[in-house]
Amino acid sequence: MIRGLTEQDDITGELRLECGAVIVGSGAGGATMAAELAEAGVDVIVLEEGGYHPTESFTARTGRALRTLYRDGGGGIAIGRPSVLYTEGRCVGGSTVVNGGMSWRTPARVLDRWAEQEGLEAIGEADLDPYFTAIEARLSVGLQDPETIGRDSARFKAGAEARGWTVVENRRNQLHCAGTNSCSSGCPTGAKRSMLVTSIPRALSLGARVFADCRVDRVTRSGPGVTGVTGHVMRPGGRKGPRLTVRARTVIVAGGAVQTPALLARSGLRPASGRLGHGLSLHPNALVTAFFDEDVTGWQGVHQAFQVREFLAEGLLLAATNFTPPMLAALLPAYGRELGELMAGYNRIVTAGPLVEDTGTGHVRNIPGVGPQVFYRLTDYDAERAVRGVELTAEALFAAGARRVLLPFDGAPEARSPRDLRRLLARPVPKRSLQLYSIHLMGTARMSEDPRRGVVGSFGEFHGVPGLFVTDASIFPGPVGINPMETVIALAMRNARRMVERRDRYGL
Amino acid sequence: MTARLPGPPPAEVPFRPAARRFAEVVCPPEVRAGQRAERVLHEFGLMLGALPPAARKALAVVLVLLDQGARLYPASRGRRFARLDDRVADAYIRALVTRRGTVAWMVKRLKGFVTMCYYELPEVQREIGYDPAPYIAAVSRRRLDSYGPQVRAGEAAVTAPADEAKP
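Line order of the protein sequences matches chains A and B. The opening position of the first sequence corresponds to residue 1 in our numbering, with each subsequent residue numbered one higher. The opening position of the second sequence corresponds to residue 509 in our numbering, with each subsequent residue numbered one higher.
If you are wondering where the hints come from, they were derived from the structure by calculation, not from laboratory data. Treat each hint with caution, since some may be false.
To be verified - No more than 30 Å apart at the CA atoms, straight line, and that leaves these computed lysine-lysine pairs for DSBU-like: (1) A:K431 <-> B:K565; (2) B:K565 <-> B:K616; (3) A:K240 <-> B:K565; (4) A:K431 <-> B:K616.
As the list claims (entries may be wrong) - Covered stretches of chain A (chain B as the covering partner; in silico rule of three or more C-beta atoms under 8 Å from a C-beta of chain B): (5) 201 to 214; (6) 363 to 377.
Claimed, not checked - Counterexamples of contact, computed for chain B against chain A with all Cβ distances above 10 Å: (7) E520; (8) R591; (9) V596.
Positions of the beta carbon are idealized from the N, C-alpha and C atoms, including for glycine.
Same shape as in the complex, but just chain A (with noise of 0.2 Å):
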């Protein structure tokens, strides 16, 4: 028993209670809001639809990762031509407990854009600056211990530099990482300093309530303000439970890029500018596989070692990543016996790939009978980026010694020298014969000091309706070009001292 910790089965009957502020998501961002105001004195309750999970429950299994930590058994499609497969975490922590820890500070060039956009006040990288370092100390944001790095990263950073490009050493918030490559499955050791192992428990001690299987139907109002949440309890299979109601003056809703504006649209939440749900960026992904001639074991490491900063004026940003065998047979382009002879050499494999800056093109929507559903449209610029990515990806690989290459097109072009590959993609590469996922999803919540044009302002208002907040990555008003998530908890620890400077106004 957790203090302050609540679970499906600690609640038999209808839950009502009633707080200073309520937090809808328990990720980068609503566990930082907690801690920060828990810390500030702020009576809080965290509500998280997902389940309680601890450090030692998890394993490397991947299947059972998806069922239990991820959104709809990590199956998020964003519907377009073409479709993009995305995954979403659903759980205490939130998707920090499934991410790959990259920790990196925003651009500054981004933060430029931002600020001069949409208006935004106090965040420049000065303004910024002092909530990085703090994030940085508390999560252990660092450089990896160098017996912790795989050989699939290694060839993968010779490659590169084997092409004159700028690597990076990967930051990421981890307490002498194992290097058990166990990130998307949750870590097994708690090195990873994810919100379950950080934020939570500092929140939890500092006396916020935290409520696991609570999921939130509405954010209830009354006159210009909120009045707090309604929802229910989770049961098993995802059935409902006995009914929930919080009562708060402020509500701060952090369920990410998909959820959170879907409940904020379920609750008849209208904002002037009708940007609610849409300016989704998702970073398409794109996997590019590469077979060598020894084994390279990519199991053994740490999750993603490096990143090729080199192309990131052009957003484009390169790493080797490695797929649990599960994953890697699912968006292989091949079955029966091929795939089998394909995941014959796992070991052989290193998969590696771009993540495209792109700009913005999809929208969340509530389907009746169906739920939050995302919609996403490709433009033709983040298309040839994403194949020149792949194509630079491969380059890099060849350069590491890679036999052969497939490449993550329809029918799986493979090609076997720098030669064929650039025989291969002189052709065009239709847009829709692209195979492409994404695990950063944002923008549907769009800061923006205008009421015309965003959705919440400088700290994460909503547009006339005091003290209802957001803070995930649905208030980034365009890609971040990069891992997200210490930009979520920088803005979550900006704003929530900013909410406590003026508790009076919001009755905290």
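Based on these hints, arrange chain B on the given structure of chain A.
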């Protein structure tokens, strides 16, 4: 150790004969060894249980279309997919996935789902040289042997009073 929540209960696999036949075609031939096909379907049911109801229904529709649609495939001679022999079943699936459009996309997603379940089987993972448990145990020990005091201090700092400079 198990999670506090075991996860959602398994869902019943719809159109089981078609699902089993599909697994036999899209998984490597070794799926027919022992009880593997049945265990793939068990994993499949577990994964279905984690999906929202609308997605479960959509997958069921894909399976029934896949099964009945085979009747229109010339080489099937009017048989449903579950009744096709290996050669024709393989040719039918290949014809579907090499098309463009929604049907091909859905069949590929279903293929991804089923093959993921196959490679979730521990003995299949061992056969391809993936056995993470002993490795995880070894590197976890190495971490504590090398950095035990720093790890314990870092963990304790989580609930310590804030000592970093307040922005």
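Taking the hints in turn, this is what the structure says about them:
1. A:K431 <-> B:K565: With a Cα-Cα distance of about 29 Å, the restraint between A:K431 and B:K565 holds, given a limit of 30 Å.
2. B:K565 <-> B:K616: Measuring from Cα to Cα gives roughly 17 Å; hence the hint holds.
3. A:K240 <-> B:K565: holds (19 Å)
4. A:K431 <-> B:K616: holds (17 Å)
5. 201 to 214: It holds, with 4 qualifying residues against the three required.
6. 363 to 377: n = 3 at 8 Å, threshold three: holds.
7. E520: Nearest chain A Cβ is 12 Å from B:E520, so the label holds.
8. R591: holds (19 Å)
9. V596: Non-interface label stands for B:V596: nearest chain A Cβ at 14 Å, farther than 10 Å.
Of the hints listed earlier, there is not a single one the structure fails to meet.
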